[in-house]
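The listed protein sequences derive, respectively, from chains V and F.
At position 436 of the first sequence the residue is numbered 436 (this note's numbering), and the sequence of numbers has no breaks.
If you want this note's numbering, it's the 1-based position in the second sequence plus 1000.
Please keep in mind that the hints were generated in silico from the structure rather than gathered at the bench.
Glycine included, each C-beta is placed from N, C-alpha and C at the ideal position.
It cannot be assumed that every hint is accurate.
[Claimed, not checked] Residues from chain V that face chain F, not an exhaustive set, calculated with beta carbons under 7 Å:
1. E423
2. E446
3. M447
4. I448
5. A452
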Amino acid sequence: MTTADALPHYVDSNRLEHFVNYEVVGKTAIRVQRWRDQWKIARRQPRPNSPLNPPLRCVAHMKEIMSRHYLEGRYASGVRKVAWVTSGAPTEPLQALGYFLVYPENHAALCGVRRKAQSIAEEAEHAGWSRDICSYARTDIGSMISGQTPAGRLPRPDMLVCCTNICQTVLHWYRVLADYFGCPLVLIDTPFLYQEAHDHELAYVKRQIEDMICVAEEIAGKPLDHKRFEEVMTNAKRGAELWLDVLNRSQHRPAPMTAFDGFIHMGPIVDMRGEAVTVAYYERMIAELDERIERGIGAIKDERYRVLWDNLPIWFKIGEFSTWLAERGVNVIASTYTYAWGELAPMIDPDHPLDSMARVYLHPVLNRSAGHKLDAMKRMVDEFEIDGVILHSDRSCKPYSLGQIDQRDRLVKTLGVPALLLEADHNDPRDYSDEQGSTRLEAFVEMIEARA
Amino acid sequence: MSAVAAIGIDAGSTTCKLVAVDRGGAIVGSRLEQTEPRVEVQVRRMLEATRAELGVDGEVPAIATGYGRKLIKDATRNLTEITCHARGVFRDLGRAGTLVDIGGQDSKVIQIGDDGRPVDFMMNDKCAAGTGRFLEYTAARLGVPVEELGGRALSTNQEEAISSTCTVFAESEIISLIARGADPDAILRGLHRSLVGRVVSMVRNVGIVAPLMLSGGVARNEAVRRMIADATSEDVILPRDPQLMGAYGAALLGGTA
């Protein structure tokens, strides 16, 4: 007999589970864990042998926010409508309609950081998915098939929203999800931009967002509350602005955070943009970064060289790279990837939500030309006083990696900045060779040292 | 007082090299052996023999490079092959340019600046194609010793196309070609062409700043040198002892000559 069978008919078991396990027990346990983390960070003894300064205190809050988000996901089915969305999907109307959002890409990254991605991806490969497919897709499809996830459980989607502004793989990936879960799939097609968006392209994307809202309203069984929508848009804009401010704090010397920190702290802006908790979190983070700047505390103890990272992180190597580079006085202070969630903030206009959403979701760096990314990198080299660039040639992310050979070439030849093409994968350790990777990184650092 | 200013050790995947230099940067002693499984033991033995032979004490800095560099506990410091080859070749040939180093396990193209430091580099990807190992494995199928490879490849104008760049699949292709009665020298020529194709694409990627220079064990192979020259329409020049350039550069950097 299940718990649900034992309950009186007027008690909704899903709501009860959500209330007890998430609202009461879960949230409290996570809060207690945050207090413990804060206590540990506060009592942390200086580590003379570590090249890194202590982590930001706010990381305890970030862990709380993300843990709460994933925990709610475990109990969201039947309580809130659930949408699975791509990282570049126009989610603000869904949030305003009360949807719980799952970002499969972020979930796959979580698997990568926890070193679970390979074994989960292998589940998909055993079912016939090619190893040439993006490792995020393989990780999530493997998780869907096997139920394996470090998050405990992901809620079944009531709808899927796939936006092609990040890649074309998502188009096929989400069709697989739609087939598996048997739920509606809304596709938002974003024409690739070689220059600025034309009016007809903006109108085309806007119309698709309107269509998405109709489907989402029907599934949610209620109309979009425009006041709430405006509130979400205001939070989305503020959150993105604050995130951009967070990243730009690393223009200071020494930089108060590394790009590796950025990869971890971007969780809220990816998964919860449009929520007040995200705004509050980045306000807290900026206050702490400013405190560090004022006291001259860098993320690493001896910042001699400043490096820009291009492309997604290598999730399973973040900690190792961060320490190894810091030991050599190298601080990876900025990345084009984390910037992608902040740089479009000025385009968000809560007074014209649909028009500005069409514009924003057409303009992510991955939906624009290779020349645009090169210009952005050149600007960052200048603004962040960069000594070298690491371009992660990501086997999984073809759109991000396309053009990197020419971009590297231009950076070296026009700016005279040492630049390294590092072959790896964002989630699959089988596509990174430690011995060869470390030789290239060492040679890159030796080249920067030689210039100094 | 010893005349030796520093010792460089290049613990490569195929051969282990050791070079001692004096304060002027001239080579005063060198050793070259096939790499043994216990490279750290081998290097210690080579170091002791060199020190005894040249009357050097343990105070003289020893710089390690090559794939086994991190295993050499006796080394004062270790540096990558990129920095060391660049310095060795720059000192030997006395000029900036584009260096192609083809070793047993990897190949690299290094642009050397006016001060002898690497300005840019590129290495082969996670694959043995374009390395000395490619020739070694595939030629073994034909029963030809490594030293004879280049001469045999140049001895004919016939060439069998090897379409696979994968070392393992190229070997399968060779078996098919042999079964069809193809001339072994023509197969060897095709194998050289395949290797050079990979290397030249890296050269073009980094960009050619003349002259082209060649170092590493494969530089001793005349066919490789000529084919690179043909493919790039550039002169390809060699240092006096291309195989020792990594160890020589390491020694120079140790003595800061």
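Hints, verified against the model:
Checking V:E423 against chain F: minimum C-beta separation of about 6 Å stays under 7 Å; hint holds. The beta carbon of V:E446 is positioned within 7 Å of a beta carbon in chain F (closest approach about 5 Å), and the interface hint is therefore held. For V:M447, the suggested interface contact is upheld, since its CB lies about 5 Å from the closest CB of chain F, less than 7 Å. Interface restraint check for V:I448: the shortest CB-CB distance to chain F comes to about 11 Å, outside 7 Å, so the restraint is violated.
Given the 7 Å rule on beta carbons, the hint for V:A452 is violated: about 11 Å separates it from the nearest Cβ of chain F.
Of the numbered hints stated above, those contradicted by the structure are hints 4 and 5, listed in ascending order.
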